[in-house]
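Be aware that the sequence shown starts at 0, since it is given in numbering that gives the first Met the number 0, and climbs by one per residue.
No wet-lab data here; the hints were simulated from the structure. C-beta atoms are modelled at their ideal positions from N, C-alpha and C, and glycine is treated no differently. Do not take every clue at face value.
Distance ranges between label pairs, derived from CB positions [to be verified]:
hint: 1; residue 1: Lys97; residue 2: Lys223; range: 25 to 31 Å
hint: 2; residue 1: Val317; residue 2: Asp143; range: 37 to 43 Å
hint: 3; residue 1: Arg45; residue 2: Gly228; range: 24 to 30 Å
hint: 4; residue 1: Glu151; residue 2: Trp321; range: 37 to 43 Å
hint: 5; residue 1: Val317; residue 2: Glu82; range: 21 to 27 Å
Quick list of in silico lysine-lysine cross-link-like pairs, DSSO-like style, CA-CA up to 27 Å [stated by the list, open to error]:
hint: 6; residue 1: Lys303; residue 2: Lys319
hint: 7; residue 1: Lys131; residue 2: Lys259
hint: 8; residue 1: Lys319; residue 2: Lys155
hint: 9; residue 1: Lys131; residue 2: Lys97
hint: 10; residue 1: Lys68; residue 2: Lys55
hint: 11; residue 1: Lys319; residue 2: Lys262
hint: 12; residue 1: Lys136; residue 2: Lys83
hint: 13; residue 1: Lys54; residue 2: Lys97
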Amino acid sequence: MKRLAKIVFLVFLLSSFCGCTKSVEIQNFTFSGMGTVLSVIYTGERNEALENAVKKDAGTVESELSYYKDSSFVSILNREAHEKEVVVPEHICRLIEKSIEFGEMSGGVFDITYKSTGELWENSKNRIPDEKTIEEKQRFVGSDKLSVNCAENKIKFAGIGVKIDLGGVAKGYAIDRAADIMKKYGVENFIVNYGGDMLFCGNKGGKPWSIGIKNPDKPSEILKKLELGTSGCKGVATSGDYERFFVIEGETFSHILNPKTGKPVKDARSVTVIGENATLTDAAATAVSVALHEKEAVKKIMEKFRVKIYTLSGEDSVLKEW
Numbered sequence: 000m001k002r003l004a005k006i007v008f009l010v011f012l013l014s015s016f017c018g019c020t021k022s023v024e025i026q027n028f029t030f031s032g033m034g035t036v037l038s039v040i041y042t043g044e045r046n047e048a049l050e051n052a053v054k055k056d057a058g059t060v061e062s063e064l065s066y067y068k069d070s071s072f073v074s075i076l077n078r079e080a081h082e083k084e085v086v087v088p089e090h091i092c093r094l095i096e097k098s099i100e101f102g103e104m105s106g107g108v109f110d111i112t113y114k115s116t117g118e119l120w121e122n123s124k125n126r127i128p129d130e131k132t133i134e135e136k137q138r139f140v141g142s143d144k145l146s147v148n149c150a151e152n153k154i155k156f157a158g159i160g161v162k163i164d165l166g167g168v169a170k171g172y173a174i175d176r177a178a179d180i181m182k183k184y185g186v187e188n189f190i191v192n193y194g195g196d197m198l199f200c201g202n203k204g205g206k207p208w209s210i211g212i213k214n215p216d217k218p219s220e221i222l223k224k225l226e227l228g229t230s231g232c233k234g235v236a237t238s239g240d241y242e243r244f245f246v247i248e249g250e251t252f253s254h255i256l257n258p259k260t261g262k263p264v265k266d267a268r269s270v271t272v273i274g275e276n277a278t279l280t281d282a283a284a285t286a287v288s289v290a291l292h293e294k295e296a297v298k299k300i301m302e303k304f305r306v307k308i309y310t311l312s313g314e315d316s317v318l319k320e321w
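With these hints in hand, go ahead and build the complete structure from the sequences.
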């Protein structure tokens, strides 16, 4: 199975800082983590302690939440939680609890137990999983297969076939943690960009941060430019078929699976979601990608998550604003 790297169809528009209400000194740093490129832009003097703290924390999040690291808490749960209650740190229990809440808010199209079936596609050995096997694995998908007790930080799975993956919120969660670090160091104006999922806080010298949604077929073309305000923070997440995909038996499949069918979603070319924080928009972008062809479901996601949504689907070349 061939895996292809994520392509980001969102670009933030710094437009240099000329023309701002005052001269602003800009710092930026870039590093690797979570299987992608992580970067931060902030205003003011360079602060190495801040930058090291952000880098260290991103590594901590990856080590704790990665589905692919044997020592992560996610992997420990997937190995042991079907046999016994597993104790995890409180912040991880709360994130799993919040992920279940996101699932309820999305009408079930966001579900961290999707991996129960998703592992079939990941371990397909270049063969498309058969319908019977998918159906059997689907028995282990659903938040009702998880027992989460955050008063004691204990988690239990309903059976050996239950698997979780926090990939749908991990980057957003890491971004929000990075933002907390930035603020702790007294930085109010910044952008955290982890592989295309972003958080914009404050402003650029008194003017709003801006983003442009690119055309996935013509990356040099910006379909829509949006301003994000001059105060507070806004999470921005992108998702879609053109971001990450894999090929089995010569057929291209999205990396996003529909937890209700156990199969990859189709025609979600580009999804952009804007909301109050990065954890929420990360989850909402996945949910919208799954529910894209169900108009009422997308509207409910927009209302429940309180987000703005912009999508391209199928052969449509016109960006839709929900």
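In rising order, the numbers of the hints this structure does not comply with: 5, 8, 9
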